[in-house]
Amino acid sequence: MTETTKPKFTCRDVRVHYGDFEALHGIDIDIPDHGVTAFIGPSGCGKSTFLRTFNRMNDTIDGCRVSGQILMDGEDIYDKNLDPVLLRAQVGMVFQKPNPFPKSIYDNVAYGPRIHGLTSSKAELDVLVEKSLRRAGLWDEVKDRLKLSGTGLSGGQQQRLVIARAIAVNPEVILMDEPASALDPIATAKLEALIEELKERYCIIIVTHSMAQAARVSDKTAFFYMGDLIEFDNTDKIFTNPGNDRTQDYITGRTG
Amino acid sequence: MTEKAFTSEAALKRLKKRRGKEWRFRLWGRAAIGFALAALAWLLISIVGTGYTAFQQNFMTLEFELSESVLAPDGTRDPEKLRGANYRRIVQTTMYELFPEVTDRKAKQELFGLTSASGATNKLRQMVYKNPDLIGKTVSVTVPASDQIDQLLKGYIKRDTDESRRKVSDQQIAWADTLKERGIIKKKFNRILFMNPDSRDPELAGIASAVIGSVMILVVAFVLAFPIGVGAAIYLDEFAPKNKFTDFIEININNLAAVPSIVFGLLGLAVFLNFMGMPRSIPLVGGMVLALRVFPTITIATRSALQGVSPSIVDGALSLGASHTQAVFQQKLPLAAPGILTGSIIGMAQALGETAPLLMIGMVAFVTEVPNSITEPATALPVQIFLWSDSAERAWAERTSAAIIVLLVVLITMNGFAIWLRNRLEQRR
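In order, the protein sequences belong to chains A and B.
One gets our numbering by counting positions in the first sequence from 1 and adding 378 to each.
One gets our numbering by counting positions in the second sequence from 1 and adding 2 to each.
There's no promise every hint is true.
What the hints assert, rightly or not - The calculated DSSO-like cross-link candidates involving lysine-lysine, where the alpha carbons are at most 30 Å apart (straight line), are:
(1) K246/B <-> K458/A
(2) K110/B <-> K188/B
(3) K568/A <-> K525/A
(4) K23/B <-> K6/B
(5) K139/B <-> K188/B
(6) K125/B <-> K108/B
(7) K160/B <-> K190/B
(8) K244/B <-> K458/A
(9) K244/B <-> K475/A
As the list claims (entries may be wrong) - Label pairs and their calculated CB-CB ranges:
(10) L464/A <-> N425/B: 37 to 45 Å
(11) G495/A <-> F196/B: 48 to 56 Å
(12) T529/A <-> A33/B: 35 to 43 Å
In short, the hints are calculated from the structure, not lab data.
Beta carbons: idealized from backbone N, C-alpha and C, even for Gly.
Let the hints inform the model, and build the full structure from the sequences given.
See the structure below:
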């Protein structure tokens with residue numbers, strides 16, 4: 379870990395409860411800025427739950443409580459005075475299942491800028507929509523049908539549309555919750571290439587079930603097991619020389 | 003071994019039993035659907051069969067001499083004074099002239115009975131009121147035949163029943179046939195049914211005031227129930243804290259939808275009329291009562307429409323930094339709109355058919371004027387049907403069925419519109 383760069387997120391003793399059930403048992407982790415951090419682990423290990431603490435999406439679940447401290451650039455994102463709406467504008471999210479709005483491709487991308495008033499004219503908005511779609515690598519495929527519904531695109535295109543939608547708000551962080559799990563290998567390859575490009579600009583945290591994917595796209599990998607963070611290190615270290623037996627068992631397919 | 007398991011005698015027996023079960027279930031399904039279709043067909047045939055003739059009616063085209071000596075012996079042309087003139091005498095004179103050979107007083111009365119007495123006199127009175135210069139001239143006017151003659155010519159009054167047990171005398175039958183031959187009596191499209199308000203004479207009675215009343219009631223009910231119902235549903239589903247109290251409210255709204263409608267009528271009577279002192283039989287009160295009746299239906303439809311929207315859409319909006327309210331109103335509500343609108347239209351169709359609560363708030367009144375505003379007495383289409391169905395004369399039965407046909411057509415149109423709207427809105431996605 380390069381100690382010189384300041385971490386994007388600093389987490390200390392993060393616990394998440396669903397009612398009486400404790401899903402995460404005190405996580406301490408520093409997530410670096412720029413680059414891709416992957417969360418891996420077997421189903422139900424709490425990696426998605428942890429991901430959703432970074433943009434406070436857990437707030438929308440009834441009975442879900444988050445305790446501990448998460449600092450983003452040194453600021454507590456669970457501060458009582460902080461509006462989660464502003465946090466989410468800075469921390470975009472891509473979900474497991476592509477969820478474009480059943481509106482035109484243009485309106486999908488323009489939705490975020492519109493609600494935040496990021497542009498002052500139609501022309502500016504047009505530019506922003508094009509820029510976002512280009513960054514998401516979708517522009518060439520959809521530039522002639524911006525008025526058509528976003529739900530008419532293929533799964534891989536939909537997922538890139540959702541990324542364009544998130545990028546349009548100009549976030550600093552993009553959270554991805556198993557973004558390729560509903561995609562075929564070709565669409566997955568395109569998505570991974572896109573992640574590779576985006577990491578220059580954004581801090582990306584990705585939850586994935588595919589260890590190969592984690593190995594391909596991420597710089598750092600965190601292994602979760604039963605609500606605990608078992609190991610967090612550079613990706614090549616985790617996959618070649620893990621420091622923990624459980625990590626070893628999981629990446630070699632003995633558990634999971 | 004496996005082969006044996008599927009081809010042994012026991013296996014074949016099991017298979018046969020399974021197929022038999024399936025076959026019996028299909029038979030039941032078809033029988034049920036057949037029964038439902040037969041019931042529907044029976045209803046439609048019986049109602050349309052008695053009602054369709056009411057869309058045509060027998061009219062008499064007659065020459066009326068508006069002689070000054072009868073109408074304005076003092077030479078006045080003041081429309082207000084002319085209103086009280088003796089138009090009945092004019093109609094009588096015209097009728098007697100059709101068969102000059104009739105002299106007997108009783109026979110003359112019967113002859114006069116061929117035409118709709120009040121229909122003809124009212125029509126002449128209105129014409130003269132509008133244009134007093136008509137006095138002294140002869141006008142050709144089409145007036146309805148009396149309901150008895152209309153029913154006779156439509157074949158509802160049987161000619162072969164004994165004269166003493168028939169409302170139309172042999173003499174009248176002969177006259178009516180002659181007039182029909184001479185082209186004076188003709189069957190025409192029945193505008194009266196649609197343009198007139200209620201009347202004591204079946205040949206003059208129409209559904210205009212009932213239709214206008216129903217429209218006003220529905221508008222009031224919709225304006226009140228739609229925002230309340232949809233608002234309550236959105237709040238309960240999206241914003242209300244989930245606790246015992248909201249559960250309790252939820253259960254009560256569901257129960258409200260199942261409360262018999264007459265109870266809402268009693269509530270309206272107690273609250274709007276007795277406590278708040280609002281007038282009886284006005285569409286405003288009717289609409290308020292039906293709004294109470296319909297809003298739980300709208301709330302339930304809205305909630306199920308909202309619950310049908312994939313939560314991932316709201317998640318998507320929230321993750322972009324939309325507030326909860328923005329996510330609900332900008333993303334979720336448009337997707338739920340088809341379901342909400344369909345539910346509301348079906349709720350409105352329900353309201354259109356409601357009779358009992360309207361009876362309780364006095365909308366059962368005999369209204370002979372088409373209402374101009376929601377605070378004037380009116381009646382509603384189902385109530386009008388109820389009133390007519392209670393009347394004894396044969397002509398009312400025909401008109402009752404005709405009014406039912408109109409009501410059914412409106413209901414089918416509303417439901418059809420709901421289906422069309424839903425398909426259209428869902429296609430746009």
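Handout entry: Proposed proximity, K190/B with K160/B (alpha carbon, max 30 Å)
Key = 22 Å, holds
Practice task
Please test the hint of 35 to 43 Å on the beta carbon pair from T529/A and A33/B.
Solution key: 42 Å, holds
Handout entry: Holds or violated: K244/B to K475/A, with C-alpha atoms at most 30 Å apart
Key = With a Cα-Cα distance of about 28 Å, the restraint between K244/B and K475/A holds, given a limit of 30 Å.
Exercise for the section: Mind checking the alpha carbons of K139/B and K188/B for me, to see if they're no more than 30 Å apart? Expected result: Holds. K139/B to K188/B sits at ~24 Å (cutoff 30 Å).
Problem - K23/B paired with K6/B [C-alpha distance capped at 30 Å] - result: Status holds; Cα separation ~24 Å.
Practice task
Verify the proposed pairing of K110/B with K188/B, using a straight-line Cα cut of 30 Å.
Solution key: The given pair, whose Cα atoms are some 22 Å apart, holds under the 30 Å limit.
Problem - Verdict for L464/A, N425/B (Cβ pair) under range 37 to 45 Å - result: Hint holds: Cβ distance 41 Å, inside 37 to 45 Å.
Practice task
Mind checking the alpha carbons of K568/A and K525/A for me, to see if they're no more than 30 Å apart?
Solution key: Answer holds: K568/A to K525/A is near 24 Å, not above 30 Å.
Handout entry: Holds or violated: K246/B to K458/A, with C-alpha atoms at most 30 Å apart
Key = Holds - the C-alpha atoms of K458/A and K246/B are around 27 Å apart, at most 30 Å.
Practice task
Evaluate the given range 48 to 56 Å for the C-beta pair formed by G495/A and F196/B.
Solution key: The hinted range 48 to 56 Å holds for G495/A and F196/B, with Cβ atoms some 55 Å apart.
Handout entry: Pair hint outcome, K244/B versus K458/A [Cα-Cα no greater than 30 Å]
Key = Satisfied, since the Cα-Cα distance of roughly 22 Å is no more than 30 Å.
Practice task
With a cut-off of 30 Å on the C-alpha distance, tell me whether K125/B and K108/B pass.
Solution key: Given that 30 Å is the threshold and the Cα spacing comes to 25 Å, the pair holds.
Going through the hint list in order, the structure satisfies each hint without exception.
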